[in-house]
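Chain A is fixed; fit chain B onto it per the hints.
Take a look at the letters that make up each chain.
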Amino acid sequence: MQSRTETGTDLATGSQHLPQLTEPRNPGLELDMDWVMRAAANRSAIERRTATLPGRRSVKKEFQAAWLLRAISVIDLTTLSGDDTPGRVRRLCAKARQPVRHDLLEALGMTGLTTGAVCVYHEMVETAVAALDGSGIPVAAVSTGFPAGLSPFKLRVAEIGESVRAGASEIDIVISRRHVLTGDWQALYDEMRTFREACGAAHIKAILATGELGSLRNVARASLVCMMAGADFIKTSTGKEAVNATLPVSLVMMRAIRDYHARTGIRIGYKPAGGISTAKDALIYLMLLNEELGPHWVRPDLFRFGASSLLGDIERQLEHHVTGAYSAAWRHALA
Amino acid sequence: MSSDTDIATIFETLEYGPAPESDAEAQAWLASHNRAFGHFIDGAFTLPAEGFDSLNPATGALLASVSQATAEDVDAAIAAARAAQPGWAALGGHRRARYLYALARLLQKHTRLFAVLETLDNGKPIRESRDIDIPLAQRHFYYHAGMAQLMDEALPGRLALGVCGQIIPWNFPLLMLAWKIAPAIAAGNTVVLKPAEWTPLTALLFGRICQEAGLPAGVVNIVTGDGAVGEMIVAAPVDKIAFTGSTEVGRAIRRATAGSDKSLTLELGGKSPYVVFEDADLDSAVEGLVDAIWFNQGQVCCAGSRLLVQEGVADRFHAMLKARMATLRLGDPLDKCIDVGAMVDPVQRDRVAAMVAASGGDLFQPAKALPRGCFYPPTLITGLSPADRLMQEEIFGPVLVSTTFRTPDEAVDLANNSRYGLAASVWSENVNLALGIAPRLTAGVVWINGTNMFDAAAGFGGVRESGFGREGGWEGMRAYTKAKTVPNRARPVAAIPAPAAGAPAGPIDRTAKMFIGGKQARPDGGHSRALWSPAGALLGHVGEGSRKDIRNAVEAATKATGWSRATAHLRSQILYYVAENLSARAAEFAARVNATTGGGAGAAEVETALDQLFTHAAWADKLDGATKPVPLRGLALAVPEPLGVIGILCPPMPSFMGLVAAMAPAIAMGNRVVIVPSEPFPLIATDFYQVLETSDVPAGVVNIVTGPQEALGCTLADHTGVDAVWNLSLPDYDAAIETAAAGNLKRTWCSGVPKRGFGRAALDEATGIKTIWVPYGE
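In order, the protein sequence lines correspond to chains A and B.
According to my numbering, the stretch in the first sequence is residues 1 to 335, in order.
According to my numbering, the stretch in the second sequence is residues 336 to 1113, in order.
If we strip away everything but chain A, and leave its shape as in the complex, we get:
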């Protein structure tokens, strides 16, 4: 049995993962400072919403299994370590192709499930592209002096081009946090515009490093500016900040995406990264996304988890669904 997406694309090809294939790309807008400065984010109210959501939505049994499989399909399976080697990256890519044990997938009635992408440093891009050849799984490269983004601007822009030439079809850039912290929205806009141009056809995710922006209001404003400057995705964090993805930050960014869509008709993708490591967390994020932006967004072309250990927990939950017994980590293949 083949599962098919709305558009009839075979899941196994993974080609639906690329946003430019199903959504018009974001052309961006002139920087609209009135809009940026009107952005408000009431922290207490936002926290109330995210704190109560898990009590308002719940998925059980086969519904939970299906949602967990969907979660796997939107994972950017990630390794971003100084000790990454080609061998390590090839293992990760193999896991991306076969994220769930064969017998479990069969019992769940699914075929052709892959993760959303593989996310690596530039030096690993060629290895990953080769390892994923024919799978349709895109390779994402973190770029622009990731994670701090403080290397020379020219080099940051050049790095994008290098990664695109190496075969990366998604570029995760980091913004200059100082532009946000000093309120230099024009500089942030210009930087983002330049990065976007350097990406060419590759799609660009703007990492806001929300844990370093100081306030939810800044997160809302930075989200808007990056979208105006042409970001295809906005992403919370590098995974290297002290605080990475959180539900309140996610809500603020999702609402900014909704606002942008309401005014432009353009759908921007969302990627929370860092700190999402349990199946339960993943479900809450997906439900928040489903509630705030709608089911259209809960797909790899508009949503990704940046995660390394999440998959393992989901696999255990899926085995529990299939067998009724709680599962041990060693029963599932390592990346």
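Where hints are given, some of them may not hold.
Said to hold, decoys possible - Here are the simulated EDC-like cross-link-like pairs (lysine to aspartate or glutamate), alpha carbons at most 20 Å apart as the crow flies: (1) A:Lys60 - B:Asp596; (2) A:Lys60 - B:Asp674; (3) A:Lys280 - B:Asp358; (4) A:Lys61 - B:Glu764.
What the hints assert, rightly or not - Between beta-carbon pairs, the in silico distance windows are: (5) A:Pro27 - B:Asp697: 31 to 39 Å; (6) A:Ser215 - B:Thr896: 52 to 60 Å; (7) A:Thr278 - B:Ala359: 54 to 62 Å.
No wet-lab data here; the hints were simulated from the structure.
The beta carbon of each residue, even a glycine, is placed where N, CA and C say it ideally should be.
For chain B alone, kept in the frame of chain A given last:
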């Protein structure tokens, strides 16, 4: 073959699927009682008797049949409570605290059973009963276990009232039970509680919990039945009635208890404004509305049901709101994915449907099929004006009505344009604006950038026709206690009769007038009454005040709003200045008191009056509010606010000190007063306005209308522009005044005047607590 529940299919559709909470334990508990319940009286359940069925509104299924209490049942419950009360109070705070602690723990141990039973009986989503109602009920017992423990230390000189009759509504059955029972028994009272006839089951389960806690028999008694049972409790020999429910029933209870000396607190209806300024976090304000008006299907007395949104963002806000409404999920209340459950009863749903059908405006309801059962869709009606009925009348359903405003002042005017005054929400990111608006809203509770926040430590209750009294916090505890010693009520004193042939005391005729709006005024009716000294001298005439003089005085008092906004320091200064000017004429006033009454206590009265002016000048800037330790990153401020316009009947004797003792605390707290002075000895009051005139008391703050106290008191009590009436005169007037006060449900205070005048306690009568919730954090 693929089906809707194939995992591969769900992978595409991302349906939530059913997530039902099991009702097996709750059904088993009902079955163990053969689905038939008696009352819980004197620690035991009576045999089931003739009554009515309690149905699950989501399905119409029978849950249990419940007994309709008879007069004998009510008598037995009252008798049990009466018998148990002295022993319960005598146990002392610590022993009572142990029982309350046990009740809290038992509620926690049976938390899921209570939650499921509540949802079955009421129709509210399981999320709400599980995450809100039951945890808040538990918290209330924990908090009041502490109140019992601390009562002796923290409330010295306060005693339990005795037996409390408590009548609660169907919208938060167990939570309202907790709000009623916990403070009552913490203070040493015993209770007879009647749950609503639509939702009696968790109260009966609570009876079982009382047994498990080993609570002494008779401390808590629960009788079930309809409004007739409520009426029996109101009429029974109880010491307090606490009622939560509709304004109409509250009004009937006010009339029924008038003059009975029963303590009374009423928590009634509302039409609470939800004010959204253009600089608000609009997404969060939309989400807040979900918790304001679609919480418990809008069957919430403090529901934010009246949306006031600033004109410039109104269209955008309404569009965002409609999009949010479309994602609300209606259905089986036991499903964990349901936002809006069933309404409590088809009667209620049909009433709401009829009100909506009769309304103008633009109706929006999400295009979704309604589940079978007692459901009504989330509804928004835009384009209404304050003049439209649904902007004024409580709907008590999932229906939000909306209008727009232009400026902060207009927002306040529209928000306060209501007979009710329970709660209000203000949404703005501007701290100056939000904190500036909150004190100006006529409401007992204000939530800034939030809605429907509750905690046992924070007072809850309304003003205007939303009732009076607070539940929660120290203010709620005070409502279940009384002072150990109370001043004697005033006794009748006859005016000095006219002699056969009297002559004027002074060479020039003196005209004592009324004092209205800072001006001396002749009586509207044109009648005067002569006053004589015991020696037969004509001391002067006072005007015979009438309804119209009261009308004029209240109008003047109503206009003097600046006094309520004036700084406490200024009010204090003016009271000191009144004392200063009185002191300068102390001998003259003492002599006048002696001359008019024929006594010799004038000097002492003036001395006490000066002391009272100093006392309340001192209190004016020292009655602190509080910040309540609620579970919130933010502040819950308890702010004592003036009531507004207070009508005061002064005692016949002491004619001067009685007047000053009443006036001083009232105006110190920022109220404006209409004073009806001693009926037999009013001349001292008319002398006194000369002191007021020379002491910078602003026009309209103190108004004096001489004349027949009972008639004028009833006019004051009847006047919907008067916010409270104090009868410090004869107890014979209490019944008529409290009956008349039912009109706008104004507060009444019937008391004697202590020999040394009033202290701190009078300030509670002169103020109401407004709780302002201020969550913060950027």
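**Request:** Determine which of the earlier numbered hints do not hold for this structure and return their numbers in increasing order.
**Result:** 1, 3, 4, 6, 7
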